[in-house]
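Participant: Work the whole structure out from these sequences, hints included.
So you can see what is in the structure, the chains are spelled out below.
Protein chains: 2
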Amino acid sequence: MANDLRLGVAGLGTVGASLVRLVSEKSDALARRCARGVRVTGVSARSRGRDRGIDLSGIAWFDDPVKLATSGEIDLFVELMGGDSGAAEESVRAALSSGKHVVTANKALLAKHGVELAKLAEENGVSLNFEAAVAGGIPIVKTMRESLAGNHVNRVYGILNGTCNYILTRMEREGLAFAECLADAQRLGYAEADPTFDIEGFDTAHKLALLTSLAFGCEIDAGAIYVEGISSITIADIEAADELGYRIKLLGVAQRTETGIEQRVHPTMVPKSSAIARIDGVLNAVAVDGDTVGEVVLVGPGAGGNATASAVVADIADIARGDRTPTLGKPAAELEPYKPAGMRKHEGGYYIRLSVYDRPGAFARIAQEMATQNISLESIVQRRRAVRSDAPGSSQPAEPQPVILITYETTEAAIREALEIIASQNVIADRPQMIRIEKLS
Amino acid sequence: MANDLRLGVAGLGTVGASLVRLVSEKSDALARRCARGVRVTGVSARSRGRDRGIDLSGIAWFDDPVKLATSGEIDLFVELMGGDSGAAEESVRAALSSGKHVVTANKALLAKHGVELAKLAEENGVSLNFEAAVAGGIPIVKTMRESLAGNHVNRVYGILNGTCNYILTRMEREGLAFAECLADAQRLGYAEADPTFDIEGFDTAHKLALLTSLAFGCEIDAGAIYVEGISSITIADIEAADELGYRIKLLGVAQRTETGIEQRVHPTMVPKSSAIARIDGVLNAVAVDGDTVGEVVLVGPGAGGNATASAVVADIADIARGDRTPTLGKPAAELEPYKPAGMRKHEGGYYIRLSVYDRPGAFARIAQEMATQNISLESIVQRRRAVRSDAPGSSQPAEPQPVILITYETTEAAIREALEIIASQNVIADRPQMIRIEKLS
Numbered sequence: 001m002a003n004d005l006r007l008g009v010a011g012l013g014t015v016g017a018s019l020v021r022l023v024s025e026k027s028d029a030l031a032r033r034c035a036r037g038v039r040v041t042g043v044s045a046r047s048r049g050r051d052r053g054i055d056l057s058g059i060a061w062f063d064d065p066v067k068l069a070t071s072g073e074i075d076l077f078v079e080l081m082g083g084d085s086g087a088a089e090e091s092v093r094a095a096l097s098s099g100k101h102v103v104t105a106n107k108a109l110l111a112k113h114g115v116e117l118a119k120l121a122e123e124n125g126v127s128l129n130f131e132a133a134v135a136g137g138i139p140i141v142k143t144m145r146e147s148l149a150g151n152h153v154n155r156v157y158g159i160l161n162g163t164c165n166y167i168l169t170r171m172e173r174e175g176l177a178f179a180e181c182l183a184d185a186q187r188l189g190y191a192e193a194d195p196t197f198d199i200e201g202f203d204t205a206h207k208l209a210l211l212t213s214l215a216f217g218c219e220i221d222a223g224a225i226y227v228e229g230i231s232s233i234t235i236a237d238i239e240a241a242d243e244l245g246y247r248i249k250l251l252g253v254a255q256r257t258e259t260g261i262e263q264r265v266h267p268t269m270v271p272k273s274s275a276i277a278r279i280d281g282v283l284n285a286v287a288v289d290g291d292t293v294g295e296v297v298l299v300g301p302g303a304g305g306n307a308t309a310s311a312v313v314a315d316i317a318d319i320a321r322g323d324r325t326p327t328l329g330k331p332a333a334e335l336e337p338y339k340p341a342g343m344r345k346h347e348g349g350y351y352i353r354l355s356v357y358d359r360p361g362a363f364a365r366i367a368q369e370m371a372t373q374n375i376s377l378e379s380i381v382q383r384r385r386a387v388r389s390d391a392p393g394s395s396q397p398a399e400p401q402p403v404i405l406i407t408y409e410t411t412e413a414a415i416r417e418a419l420e421i422i423a424s425q426n427v428i429a430d431r432p433q434m435i436r437i438e439k440l441s
Numbered sequence: 001m002a003n004d005l006r007l008g009v010a011g012l013g014t015v016g017a018s019l020v021r022l023v024s025e026k027s028d029a030l031a032r033r034c035a036r037g038v039r040v041t042g043v044s045a046r047s048r049g050r051d052r053g054i055d056l057s058g059i060a061w062f063d064d065p066v067k068l069a070t071s072g073e074i075d076l077f078v079e080l081m082g083g084d085s086g087a088a089e090e091s092v093r094a095a096l097s098s099g100k101h102v103v104t105a106n107k108a109l110l111a112k113h114g115v116e117l118a119k120l121a122e123e124n125g126v127s128l129n130f131e132a133a134v135a136g137g138i139p140i141v142k143t144m145r146e147s148l149a150g151n152h153v154n155r156v157y158g159i160l161n162g163t164c165n166y167i168l169t170r171m172e173r174e175g176l177a178f179a180e181c182l183a184d185a186q187r188l189g190y191a192e193a194d195p196t197f198d199i200e201g202f203d204t205a206h207k208l209a210l211l212t213s214l215a216f217g218c219e220i221d222a223g224a225i226y227v228e229g230i231s232s233i234t235i236a237d238i239e240a241a242d243e244l245g246y247r248i249k250l251l252g253v254a255q256r257t258e259t260g261i262e263q264r265v266h267p268t269m270v271p272k273s274s275a276i277a278r279i280d281g282v283l284n285a286v287a288v289d290g291d292t293v294g295e296v297v298l299v300g301p302g303a304g305g306n307a308t309a310s311a312v313v314a315d316i317a318d319i320a321r322g323d324r325t326p327t328l329g330k331p332a333a334e335l336e337p338y339k340p341a342g343m344r345k346h347e348g349g350y351y352i353r354l355s356v357y358d359r360p361g362a363f364a365r366i367a368q369e370m371a372t373q374n375i376s377l378e379s380i381v382q383r384r385r386a387v388r389s390d391a392p393g394s395s396q397p398a399e400p401q402p403v404i405l406i407t408y409e410t411t412e413a414a415i416r417e418a419l420e421i422i423a424s425q426n427v428i429a430d431r432p433q434m435i436r437i438e439k440l441s
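Protein chains in written order, with the UniProt record's numbering: chain A, 1 to 441; chain B, 1 to 441.
Rather than coming from a laboratory, the hints here were simulated on the basis of the structure. Remember, predicted model here, so these are calculated numbers, not experimental data. Take the hints with a grain of salt, since some may be wrong.
Covered by chain B, according to a simulated footprint, are these stretches of chain A (three or more residues, beta-carbon under 8 angstroms) [what the hints assert, rightly or not]: (1) 27 to 36; (2) 128 to 139; (3) 145 to 159; (4) 327 to 336.
Result set (EDC-like, lysine to aspartate or glutamate): computed pairs, CA atoms no more than 16 angstroms apart in a straight line [to be verified]: (5) A/LYS26 with B/ASP291; (6) B/LYS272 with A/ASP280; (7) A/LYS272 with B/GLU347; (8) B/LYS439 with B/GLU347; (9) A/LYS272 with A/GLU438; (10) B/LYS26 with A/GLU200; (11) A/LYS119 with A/GLU73.
Going by beta-carbon spacing under 7 angstroms, a handful of chain A positions derived as facing chain B [what the hints assert, rightly or not]: (12) GLY300; (13) ASN306; (14) ALA314; (15) ASP323.
Just so it is clear, CB atoms sit at the ideal spot from N, CA and C, and this is done for glycine as well.
Facilitator: Right, here's the structure in full:
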């Protein structure tokens with residue numbers, strides 16, 4: 001049997017503590033699967049004194065993660081600190097440069113420096129694995145990197161952020177406002193004190209950037225992603241979606257088009273009958289459409305200490321067994337440059353909610369503007385708000401009324417043009433709401 | 001770059017032909033992923049003359065698959081002939097013994113000889129991979145063997161036979177009888193001329209036997225599986241399930257119990273809200289419940305030439321890259337003996353449909369017998385069939401009426417005992433229908 005694989009774990013938050021516990025508790029089973037022992041020999045975290053409920057006796061402590069990364073005590077560096085620069089970046093670079101394998105759950109770091117770090121790993125003949133960085137416990141990285149080897153991927157999409165999905169699910173089920181659901185998510189530990197990163201879609205974008213590279217064999221370009229979060233979604237949108245046969249999900253979508261690869265993160269209306277519509281609460285789901293296999297969907301817990309640690313252990317076991325798959329599926333130097341498709345050319349149906357002044361001719365002007373842009377309407381729903389009984393004949397300006405439009409397939413450019421002109425004509429009260437409709441099975 | 005990996009493909013049916021085409025069409029992408037070329041150098045099939053729509057020029061033809069398996073022209077033998085003995089068994093043994101890697105889609109062969117063949121592979125220092133043998137294009141073997149390395153599995157279950165799922169879906173959606181849906185499945189090529197193997201659950205059992213070994217690290221024991229097919233399912237059952245909030249699916253279930261491992265294949269009532277209830281048509285789905293990750297569900301095409309070939313290519317790519325995972329996740333000699341749990345002790349709720357003679361006291365006797373066996377009833381549905389208006393007062397024996405019982409959790413032994421006694425008392429007309437209810441999320 002080969003020598004034990006010695007792990008250095010930097011970052012002892014929820015995931016790090018789960019990992020240390022897991023490696024110790026499952027050491028026999030792991031050794032059998034990997035044909036060698038696996039054990040934690042060094043750790044690093046901010047506060048040495050804190051009680052994490054794990055036994056660190058016999059494990060070397062490092063105040064400096066870079067020292068741990070380059071220590072002769074370890075063969076594999078596990079980076080669980082987070083952040084796209086600073087200690088995380090320095091220690092991962094140091095580990096790879098000194099010939100240590102690296103396993104990380106850090107999507108922000110890889111979204112920014114992934115290709116470069118993959119090259120560094122290759123130059124040093126070591127592995128850089130990141131299953132836990134995308135969709136937590138779901139084995140999507142391995143599936144795309146290894147199981148779809150015989151496929152040309154056409155599209156990959158998914159629910160990649162449990163916080164947003166939890167909020168949307170509660171809004172839908174209980175009719176609660178966005179702010180209320182967010183507050184609950186924070187109370188339950190599903191959302192950070194500063195939730196911007198999750199709810200504005202940036203976390204989803206980081207994960208999508210990695211999936212895009214795996215799917216299309218191209219370089220990572222998170223900056224090219226169109227990102228829109230869920231903070232503008234109202235109960236009115238959720239209810240209208242429900243009536244029209246849709247649910248609203250925050251999706252990350254990457255797809256091959258004639259002009260290049262489209263990457264986008266935005267709230268999406270998905271048919272209630274689709275598999276993705278039924279993924280509720282903190283679960284994640286990823287669907288990959290391969291030209292050979294068809295569509296494969298993976299569903300599971302996208303976050304949480306244990307689920308994420310499970311993915312980290314899988315990466316460690318691969319390295320222990322000697323499996324050396326390139327970080328992004330093929331050698332980093334062979335990744336093609338990312339060629340973006342113009343988002344404005346995105347074709348699809350749209351949901352539009354307008355707050356229309358109840359004045360003669362207002363609706364005609366809206367319909368006219370849509371027609372001018374060649375946008376066909378699939379349905380129009382105008383629901384009158386309750387009107388006070390003393391209102392008729394009153395000289396007060398009429399209250400704005402919600403009008404919902406569902407368009408047939410059109411381009412984003414046309415929609416934006418139409419809405420801009422409508423907004424300039426003093427017929428609507430607020431900024432129009434626009435949600436893309438995705439055709440999914 | 002290493003030498004090309006040379007493949008010998010035995011069996012050129014739908015999957016074999018797809019594979020030969022795929023390896024040729026994707027040779028560049030495959031070479032980049034595997035850091036070496038992959039090409040088919042030999043094939044074997046029954047009829048040399050048949051037009052399969054693939055280009056076999058430059059590929060050596062072997063009439064005898066065993067000769068191909070041991071040929072110096074190949075490094076890896078792909079067995080796509082099928083059958084649990086004969087040519088498939090002989091050629092796989094010959095390939096492994098002569099130091100060739102083997103990739104197979106043959107569940108019947110592995111269900112019978114898997115452990116022994118895994119040992120033979122290890123003794124000869126080669127790989128034996130079988131992703132395509134379970135759930136077609138879904139990467140469930142790799143997920144269980146590699147991605148769940150940090151998990152102790154509690155339960156694995158799934159829809160593993162597309163033919164049965166197609167039949168049940170059509171019965172439910174269109175209210176058609178079993179025989180009619182089966183005939184359509186045969187016409188569409190989803191079911192064999194002799195459909196016994198699929199519809200009586202044996203195909204599902206073979207796949208389940210392999211999943212059980214991967215899940216629990218035990219030897220394969222397909223003979224120990226309790227198997228019941230779908231041919232007794234009627235429209236009355238499907239309609240009653242629907243009214244009660246369930247759907248009927250043919251599931252393979254393996255779960256750890258206090259006494260041992262339970263393996264069973266049978267029609268199952270699953271809550272409409274569960275993920276598995278929504279898998280329709282020829283799709284397959286597998287859910288694995290790991291103690292670390294929680295539940296992960298994989299959904300995708302379970303059959304078809306291309307989907308299956310996609311899984312075969314993934315296995316080939318692993319071998320080309322040098323990934324050497326043991327066939328069943330750990331060395332075959334370390335697999336524990338399979339320790340069965342007593343099926344009769346299976347605890348769960350039951351659906352029972354009885355055809356009860358409409359006579360005074362009939363129902364009281366049934367209720368009494370259930371009570372004697374300590375079986376509590378969650379619901380009772382008695383729907384009267386349309387009765388002729390001249391019936392009252394007629395001296396003819398009353399028509400039997402369908403009565404549906406849903407029990408609370410009880411043991412299979414108690415249910416069988418109760419039904420046996422009820423059947424002996426001349427209160428019911430036909431054999432009682434009994435379907436297990438599975439608690440799923």
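Participant: Please go over all the hints and tell whether each is borne out by the structure.
Facilitator: How the hints compare with the structure:
no., hint, verdict
1, 27 to 36, "holds (count 6)"
2, 128 to 139, "holds (count 4)"
3, 145 to 159, "holds (count 7)"
4, 327 to 336, "holds (count 4)"
5, A/LYS26 with B/ASP291, "11 angstroms, holds"
6, B/LYS272 with A/ASP280, "15 angstroms, holds"
7, A/LYS272 with B/GLU347, "34 angstroms, violated"
8, B/LYS439 with B/GLU347, "11 angstroms, holds"
9, A/LYS272 with A/GLU438, "11 angstroms, holds"
10, B/LYS26 with A/GLU200, "39 angstroms, violated"
11, A/LYS119 with A/GLU73, "24 angstroms, violated"
12, GLY300, "4 angstroms, holds"
13, ASN306, "5 angstroms, holds"
14, ALA314, "5 angstroms, holds"
15, ASP323, "4 angstroms, holds"
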